[in-house]
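Colleague: The residues making up each chain are set out below.
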Amino acid sequence: MHLSRTARIALRAGAALGFAVIYVPLLLVLLNSFNPDRSASWPPPGLTLRWWSAAMDNSGARDALWVSVKAGLGATTIALVLGTLIAFAVARHRFFGRGTVSFVVVLPIALPGIVTGIALNSAFGTVLAPLGVGLGLFTVIVGHATFCIVVVFNNVVARLRRTAASYEEAAMDLGATTFRAFADVTFPLVRSALLAGALLAFALSFDEIVVTTFTAGPGIETLPIWIFDNMTRPQQAPVVNVVAAVLVLLSVVPIYVAQRLSADTATSSRV
Amino acid sequence: MTSEVTPAAGRGTVRRLAGALHTRPRLRLALLLTAPLLWLTVLYLGSLTVLFISAFWTTNSFTSQVVKVWSTDNFHALFTTPVFRQVILRSVGVALAVTALCAVLAFPVAFYTARVARPKWRPVLVVAILTPLWASYLVKVYAWRLILSEGGLADWMLNPLGLSGPGFGLTATVLTLTYLWLPYMILPVHTALEQLPATLLDASADLGAKAGRTFRSVVLPMVLPSLAAGSVFTFSLSLGDYITVQIVGGKTQLIGNVVYSNIELNLPMAAALGTVPVVVIVLYLLAIRRTGALSSL
Numbered sequence: 001m002h003l004s005r006t007a008r009i010a011l012r013a014g015a016a017l018g019f020a021v022i023y024v025p026l027l028l029v030l031l032n033s034f035n036p037d038r039s040a041s042w043p044p045p046g047l048t049l050r051w052w053s054a055a056m057d058n059s060g061a062r063d064a065l066w067v068s069v070k071a072g073l074g075a076t077t078i079a080l081v082l083g084t085l086i087a088f089a090v091a092r093h094r095f096f097g098r099g100t101v102s103f104v105v106v107l108p109i110a111l112p113g114i115v116t117g118i119a120l121n122s123a124f125g126t127v128l129a130p131l132g133v134g135l136g137l138f139t140v141i142v143g144h145a146t147f148c149i150v151v152v153f154n155n156v157v158a159r160l161r162r163t164a165a166s167y168e169e170a171a172m173d174l175g176a177t178t179f180r181a182f183a184d185v186t187f188p189l190v191r192s193a194l195l196a197g198a199l200l201a202f203a204l205s206f207d208e209i210v211v212t213t214f215t216a217g218p219g220i221e222t223l224p225i226w227i228f229d230n231m232t233r234p235q236q237a238p239v240v241n242v243v244a245a246v247l248v249l250l251s252v253v254p255i256y257v258a259q260r261l262s263a264d265t266a267t268s269s270r271v
Numbered sequence: 001m002t003s004e005v006t007p008a009a010g011r012g013t014v015r016r017l018a019g020a021l022h023t024r025p026r027l028r029l030a031l032l033l034t035a036p037l038l039w040l041t042v043l044y045l046g047s048l049t050v051l052f053i054s055a056f057w058t059t060n061s062f063t064s065q066v067v068k069v070w071s072t073d074n075f076h077a078l079f080t081t082p083v084f085r086q087v088i089l090r091s092v093g094v095a096l097a098v099t100a101l102c103a104v105l106a107f108p109v110a111f112y113t114a115r116v117a118r119p120k121w122r123p124v125l126v127v128a129i130l131t132p133l134w135a136s137y138l139v140k141v142y143a144w145r146l147i148l149s150e151g152g153l154a155d156w157m158l159n160p161l162g163l164s165g166p167g168f169g170l171t172a173t174v175l176t177l178t179y180l181w182l183p184y185m186i187l188p189v190h191t192a193l194e195q196l197p198a199t200l201l202d203a204s205a206d207l208g209a210k211a212g213r214t215f216r217s218v219v220l221p222m223v224l225p226s227l228a229a230g231s232v233f234t235f236s237l238s239l240g241d242y243i244t245v246q247i248v249g250g251k252t253q254l255i256g257n258v259v260y261s262n263i264e265l266n267l268p269m270a271a272a273l274g275t276v277p278v279v280v281i282v283l284y285l286l287a288i289r290r291t292g293a294l295s296s297l
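Here the protein sequences line up with chains A and B, keeping their order. According to the UniProt record's numbering, the residues represented by the first sequence are 1 to 271, in order. According to the UniProt record's numbering, the residues represented by the second sequence are 1 to 297, in order.
A portion of the hints provided could be inaccurate.
[Said to hold, decoys possible] From chain B, some residues computed to sit far from chain A (all C-beta separations above 10 Å):
| no. | residue |
| --- | --- |
| 1 | R15 |
| 2 | G93 |
| 3 | S136 |
| 4 | G256 |
[Unchecked claim] DEER-style ranges, computed between Cβ atoms:
| no. | chain 1 | residue 1 | chain 2 | residue 2 | range |
| --- | --- | --- | --- | --- | --- |
| 5 | A | R62 | B | R216 | 55 to 63 Å |
| 6 | A | L30 | B | G212 | 38 to 46 Å |
| 7 | B | R289 | A | D63 | 17 to 25 Å |
Since the hints were derived computationally from the structure, they do not count as laboratory data. Backbone N, C-alpha and C fix where the C-beta goes; we use that ideal spot for every residue, glycine too.
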């Protein structure tokens with residue numbers, strides 16, 4: 001397309017503005033964690049590392065981080081198993097209702113989180129409570145796993161569609177059992193897709209706040225819940241700044257690694 | 001599993017099992033699907049069904065106990081109470097505004113990375129745009145809280161012009177949601193622009209079209225499905241959000257907030273309200289299905 005000089009300059013300026021919009025808020029969070037002042041007024045009066053060391057000693061944030069990691073690992077494990085099973089069923093079999101299955105997998109993330117949240121909350125309340133199982137870390141893991149299945153599914157199904165089933169058939173013609181063919185042929189082919197899916201599922205669980213609000217029992221506080229609870233407390237502001245800054249740096253790592261792992265990764269963290 | 005058995009016999013069992021699985025694809029399929037489908041249908045669809053049924057129950061206004069008697073009172077209240085109507089219209093308006101802003105911001109960025117920048121820089125630029133945008137939801141909202149707070153960056157930039165920042169409220173909500181969902185718009189638009197055949201643009205130029213005309217008659221129609229695909233996410237994610245509104249929205253009330261504030265006191269009403277975004281999103285999906293956007297999701 002032959003763009004005029006003016007159009008080219010206008011596009012460059014528009015793109016530059018877009019980049020600025022993307023980066024300025026995140027850079028501000030990073031910079032603000034060194035702000036000696038408790039208020040968020042701009043520009044900061046100076047720079048200090050004081051709050052970083054204060055944040056290290058903050059047991060609330062540390063405990064919340066630990067809960068988030070446990071919830072993330074639990075949800076990722078379940079999602080990895082269930083998502084992979086459905087991906088194999090959808091990619092390697094023809095059956096009635098195949099389209100519906102793919103749709104149901106996406107549903108937990110397509111519907112507003114608050115709808116998923118209250119649905120699970122009232123279901124747990126009516127079914128689990130009489131059995132003596134209250135809301136806690138377990139219910140958080142169950143809730144997170146439900147919407148994490150889709151990212152594992154997306155990654156594995158994309159990989160399976162690109163690798164023909166004929167490899168497995170060839171292995172079996174050469175005398176391998178179904179299990180042997182899976183271990184030696186199929187698994188190595190999907191391994192990086194599994195890893196990418198797991199990373200994205202963990203990132204998704206780690207970031208989730210709405211479903212967590214409705215499935216967490218008393219005393220179960222994940223890092224997003226901790227940030228949300230402390231965000232408006234002036235006393236906690238400096239520590240929240242540091243935790244937010246750390247999260248900016250940490251949260252992009254799994255996404256970046258997942259993107260590198262597989263070219264067909266469903267890049268979005270939600271879909 | 002077979003540690004008790006001698007290795008040879010163990011291998012025989014595995015072989016028989018493998019053979020059985022190989023000759024019975026239905027059995028294999030059943031084994032693959034049972035666990036995930038039980039999880040998704042019983043746990044998830046089951047919970048959703050109970051929630052939507054409970055929208056037809058009512059609440060005893062004295063005890064806040066749910067009364068399990070079928071009635072359409074909640075839906076009647078939804079359409080006749082002015083406050084609810086306002087909140088629903090405001091939420092749909094916010095979702096549309098966010099979608100429009102996302103499209104306006106995403107287009108020049110995607111056009112630049114897909115067609116204007118030097119080819120060897122393009123993949124780098126895409127990573128540079130998208131990676132930071134996948135940062136934590138809450139941190140991104142927090143960033144906007146910092147920018148829009150009193151004496152924050154927005155005020156500092158606008159004060160010399162005699163203006164002040166928008167503060168916390170509806171405008172702040174729209175800005176923050178736009179920032180949050182921007183990647184969902186940039187990604188599909190970038191992909192569509194990247195796949196646009198250069199020959200079509202050349203042909204348009206050969207036929208005498210200037211850049212503006214080529215844009216209107218060639219580029220836009222071909223990118224429209226992906227804009228629509230991106231809008232599914234920007235629209236539906238905005239419609240259900242309530243955390244952002246709580247953090248930067250000031251006194252603004254959207255559907256999500258009203259659902260949230262009704263959960264403890266009146267779960268059936270909250271459930272009825274919760275069906276509104278679901279229905280609106282389904283209608284939106286049906287409306288844009290004509291553009292062919294859904295197949296490119």
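Colleague: Run every hint past the structure and note whether it holds.
Modeller: Each hint tested on the structure:
no., hint, result
1, R15, "violated (6 Å)"
2, G93, "holds (17 Å)"
3, S136, "violated (5 Å)"
4, G256, "violated (5 Å)"
5, R62(A) with R216(B): 55 to 63 Å, "holds (56 Å)"
6, L30(A) with G212(B): 38 to 46 Å, "holds (40 Å)"
7, R289(B) with D63(A): 17 to 25 Å, "violated (47 Å)"
In the structure shown, a violation is registered for the earlier hints numbered 1, 3, 4, 7, in ascending order.
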